Amino acid sequence: MLIAVPAYGQSPPQAEFTVSGGEPAVADGVDVERIDSNAPHIILTWSISEEDERDPAAFSYRLERAASPDFSDSRMLYEGRDRASFRAGLAEGSYFYRVRATDEAGNAGVWSRPLHLEVAYQSMRLALSLFAVGAVVFLATLVLIIAGARKDRCEAVEQEEAT
Amino acid sequence: MNGAHETAVLSPQIGWFLLAILGVLWVILGVLWGKKAKNMDGYMVAGRNVGLALGAATAMATWVTSNTTMLAPQFALELGVWGMLAYSTACFGLFLFAPMARRIRRLMPNGLTSGDFIRLRYGRPTWVVFLAISLTYSFAWLVTMAMAGGLLMNAVAGIPFAWGMTVILLVCVLYTLFGGLYAVIGTDFVQSIIILIGVVFVGAVIYQRIDFDVTYATVVAEQPAMLYVLLPAAIIAFFNNMLFGFGEVFHNNVWWSRAFAMRKGVPAKAYMLGGLFWLPIPIAVGYVALSSDVLGINLPRPDMLGPLAAAEVLGAAGAVVIFVVLFCSLASSIDSLLAATSDLLTEDIYRKAIHPSATEGNVRTASIAIIIGLGFLTWLTCMLNPGTLAQVLFASGPLVGSAIWPVAAGLFWRRSNPAGAFAAMVLGSACGLYAYFTIGWYSGALVGAAVSMVITLGAIVLAPRDFDWKSLNESNEELRRGTIR
Chain A
10 MLIAVPAYGQ SPPQAEFTVS GGEPAVADGV DVERIDSNAP HIILTWSISE EDERDPAAFS
70 YRLERAASPD FSDSRMLYEG RDRASFRAGL AEGSYFYRVR ATDEAGNAGV WSRPLHLEVA
130 YQSMRLALSL FAVGAVVFLA TLVLIIAGAR KDRCEAVEQE EAT
Chain B
404 MNGAHETAVL SPQIGWFLLA ILGVLWVILG VLWGKKAKNM DGYMVAGRNV GLALGAATAM
464 ATWVTSNTTM LAPQFALELG VWGMLAYSTA CFGLFLFAPM ARRIRRLMPN GLTSGDFIRL
524 RYGRPTWVVF LAISLTYSFA WLVTMAMAGG LLMNAVAGIP FAWGMTVILL VCVLYTLFGG
584 LYAVIGTDFV QSIIILIGVV FVGAVIYQRI DFDVTYATVV AEQPAMLYVL LPAAIIAFFN
644 NMLFGFGEVF HNNVWWSRAF AMRKGVPAKA YMLGGLFWLP IPIAVGYVAL SSDVLGINLP
704 RPDMLGPLAA AEVLGAAGAV VIFVVLFCSL ASSIDSLLAA TSDLLTEDIY RKAIHPSATE
764 GNVRTASIAI IIGLGFLTWL TCMLNPGTLA QVLFASGPLV GSAIWPVAAG LFWRRSNPAG
824 AFAAMVLGSA CGLYAYFTIG WYSGALVGAA VSMVITLGAI VLAPRDFDWK SLNESNEELR
884 RGTIR
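So the protein lines, in turn, are chains A and B.
Per this note's numbering, numbering of the first sequence is gapless, rising by one per residue and ending at 172.
Per this note's numbering, numbering of the second sequence is gapless, rising by one per residue and ending at 888.
Because the hints were derived from the structure by calculation, they are not lab data.
Nothing here was measured: the structure is a model prediction, and the numbers come from that model.
Here a beta-carbon is modelled for each residue, glycine too, at the ideal position from N, C-alpha and C.
Take these hints with a grain of salt, some might be off.
[Claimed, not checked] Computed footprint of chain B on chain A, listed as stretches where at least three residues anywhere in the stretch have a Cβ under 8 Å from a Cβ of chain B:
(1) 46 to 52
(2) 97 to 103
(3) 107 to 115
(4) 119 to 126
(5) 135 to 144
[To be verified] Derived DEER-like restraints, expressed as beta-carbon distance ranges:
(6) Gln611/B x Leu137/A: 45 to 51 Å
(7) Leu428/B x Glu170/A: 47 to 53 Å
(8) Gly861/B x Ser138/A: 17 to 23 Å
(9) Ile596/B x Val152/A: 33 to 39 Å
(10) Ala100/A x Val434/B: 35 to 41 Å
(11) Glu164/A x Val427/B: 23 to 29 Å
(12) Leu865/B x Glu127/A: 46 to 52 Å
(13) Val152/A x Ile757/B: 38 to 44 Å
(14) Asn765/B x Ser46/A: 49 to 55 Å
(15) Ser103/A x Ala607/B: 38 to 44 Å
(16) Gly668/B x Ser46/A: 50 to 56 Å
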């Protein structure tokens with residue numbers, strides 16, 4: 010769970026940036042939440058913390074991604090009032106995400122605790138094996154139905170002739 | 404749905420206005436068409452006299468579901484170009500069902516449900532397993548479509564998920580209740596025309612708006628995995644989705660009831676045409692997924708891409724068009740599923756298992772109660788927010804995958820073994836579910852179908868059983884002669 014704290018008048022609201030299944034970890038000296046995935050996509054969600062009773066939709070959020078934990082190469086992925094973002098087409102490798110909330114007056118909070126996503130695909134051997142199995146089942150089904158349909162046509166003709 | 408999305412193209416007032424117009428229109432049409440149903444045969448299988456135009460339109464409209472309009476882009480997003488192609492393979496389900504439908508119509512001229520076939524072909528134990536599979540799948544499909552309705556209305560018009568989902572479900576329950584399969588097929592015809600016109604319109608606008616070279620360059624830079632030829636998850640998903648489509652169509656009463664409803668000589672042509680009309684739609688909407696970064700769309704959930712992208716590209720006026728198209732695509736499938744699933748429950752469970760001596764009036768009353776109950780249960784499940792559309796639907800993939808071979812072999816091969824069909828469905832489902840949870844959602848149907856095929860073939864080789872095809876022609880004279888009270 011990552012927290013973003015916007016500078017907000019009296020008591021600063023806290024935004025929580027959550028991704029299920031994460032584990033605390035340290036990457037290059039930075040305290041992060043780590044997720045390991047074999048899929049090329051992820052849904053990132055965030056919201057204001059439960060202690061804060063203000064409407065989370067009242068804030069604007071900025072989501073950034075970087076290849077290093079210090080975010081020296083960060084780039085903005087989204088800026089707006091949504092509180093989730095689906096990221097697709099990820100190649101194998103490391104990704105670091107952070108989010109920040111901004112109030113209506115334009116006061117930006119501090120960045121949330123980063124999220125470290127490590128993408129490593131499934132084995133190609135498994136994929137190709139299952140592909141081969143699928144091809145066999147498909148071809149067998151095709152043969153069953155085409156042969157069955159030809160026989161059915163003959164039976165139908167015989168049936169009509171008989172009647 | 405979870406409040407994660409905060410921007411909508413249409414105002415809620417316009418959204419509610421469109422909902423009201425469409426809702427009232429479908430209910431009125433449903434009531435009018437429903438007047439044709441003079442007895443249960445008319446109510447359940449539309450008098451067995453549906454022609455080619457209506458038959459092809461209903462096949463196409465039913466297959467253009469929330470799954471096509473909302474899951475096809477999700478497939479392309481998650482699995483790239485392979486995912487887009489994988490989704491389009493679902494049309495093979497309709498193509499291969501075409502010859503099956505012809506045989507079904509010939510062998511079972513008085514048939515009412517797919518459950519009838521399994522019971523007569525394999526006996527009661529296999530029938531029970533089949534019903535469990537079919538009802539689980541049908542319910543999952545219903546839930547995904549009702550959820551899609553709520554998501555769509557939230558994304559396009561800012562209508563709260565719960566309200567949008569409730570209204571579309573209520574409208575479909577009402578006109579299915581009044582009109583039965585006559586209403587479902589009649590509204591499907593109108594809906595299929597609206598869907599085709601809308602898709603052509605949206606496609607033309609998107610083609611003008613999106614530069615192919617820019618899209619390609621952006622995807623290569625920002626989402627490179629979408630273009631990977633050797634993306635493991637996508638390679639697995641290709642045949643998984645195709646076999647899932649086979650399983651969905653081969654076993655489900657939505658497709659069997661239409662085969663029973665069509666005139667002699669019509670089913671095979673209607674399913675071929677329906678598949679051909681359907682094929683370009685997932686490719687067109689899948690392409691939009693590849694362009695999502697170019698369009699600058701933020702996706703709170705992957706299954707919201709369809710409506711959000713269309714609204715982004717088309718603006719407010721176009722959003723009205725896409726709202727109507729998507730409403731039609733959802734309604735045309737929800738009504739079909741409500742009718743076919745309630746038929747399965749009414750005919751197979753109420754009339755065959757609980758009350759064999761039920762009168763025409765008893766059956767009609769049971770049917771009404773079942774449609775209302777099914778609608779309520781779907782609504783309740785959607786309110787619990789069970790997951791994304793893909794998660795909900797593909798959890799049933801292993802089950803339907805395991806039904807492919809028992810159904811197809813049972814229909815064409817005299818020597819299919821009932822015990823083999825039973826074991827194929829049980830073990831195929833179990834192994835498919837294991838793969839679903841250990842490998843991923845994109846492997847369940849494939850493993851289920853493969854295990855089921857091996858068991859079905861093994862049982863035929865080791866213990867072939869003879870079968871008299873004439874015993875499939877069960878008389879429903881008693882039911883057909885009555886009139887609706």
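Taking the hints in turn, this is what the structure says about them:
Remark: the stretch 46 to 52 of chain A is confirmed as covered by chain B, as 5 of its residues place a Cβ nearer than 8 Å to a Cβ of that chain, reaching the required three. Using a Cβ-Cβ cut-off of 8 Å, 4 residues of the stretch 97 to 103 of chain A lie near chain B, which meets the minimum of three, so the contact claim holds. Residue count for the stretch 107 to 115 of chain A with a Cβ under 8 Å from a Cβ of chain B: 0. That is fewer than the three needed, and the coverage hint is violated. Figure legend: the stretch 119 to 126 of chain A, annotated as covered by chain B; annotation inconsistent (0 residues with Cβ-Cβ distances under 8 Å, at least 3 required).
Given as covered by chain B, the stretch 135 to 144 of chain A passes the check, having 8 residues with a CB less than 8 Å from a CB of that chain where 3 are the minimum. Evaluation of the 45 to 51 Å hint for Gln611/B and Leu137/A yields a failure: the beta carbon distance comes to about 40 Å. Against the hinted window of 47 to 53 Å, the Cβ-Cβ separation of Leu428/B and Glu170/A comes to about 49 Å, which satisfies the hint. The supplied range of 17 to 23 Å is met by Gly861/B and Ser138/A, whose beta-carbon atoms lie about 21 Å from each other.
In this structure, Ile596/B and Val152/A meet the distance hint of 33 to 39 Å, their C-beta atoms being roughly 37 Å apart. At roughly 55 Å, the beta carbons of Ala100/A and Val434/B sit outside the given window of 35 to 41 Å. Look at Glu164/A against Val427/B: about 49 Å separates their beta carbons, and that is not inside 23 to 29 Å. At about 48 Å, the CB distance of Leu865/B to Glu127/A agrees with the hint of 46 to 52 Å.
Between Val152/A and Ile757/B the Cβ separation comes to about 40 Å, which falls inside the hinted range of 38 to 44 Å. Taking 49 to 55 Å as the suggested C-beta distance range, the pair Asn765/B and Ser46/A conforms, at roughly 54 Å. Separation of Ser103/A from Ala607/B is about 42 Å and conforms to the stated range, judged on CB atoms against 38 to 44 Å. Take Gly668/B and Ser46/A: their Cβ atoms lie about 52 Å apart, and the range 50 to 56 Å holds.
Checked against the numbered hints given earlier, the structure breaks hints 3, 4, 6, 10, 11 and satisfies all the rest.
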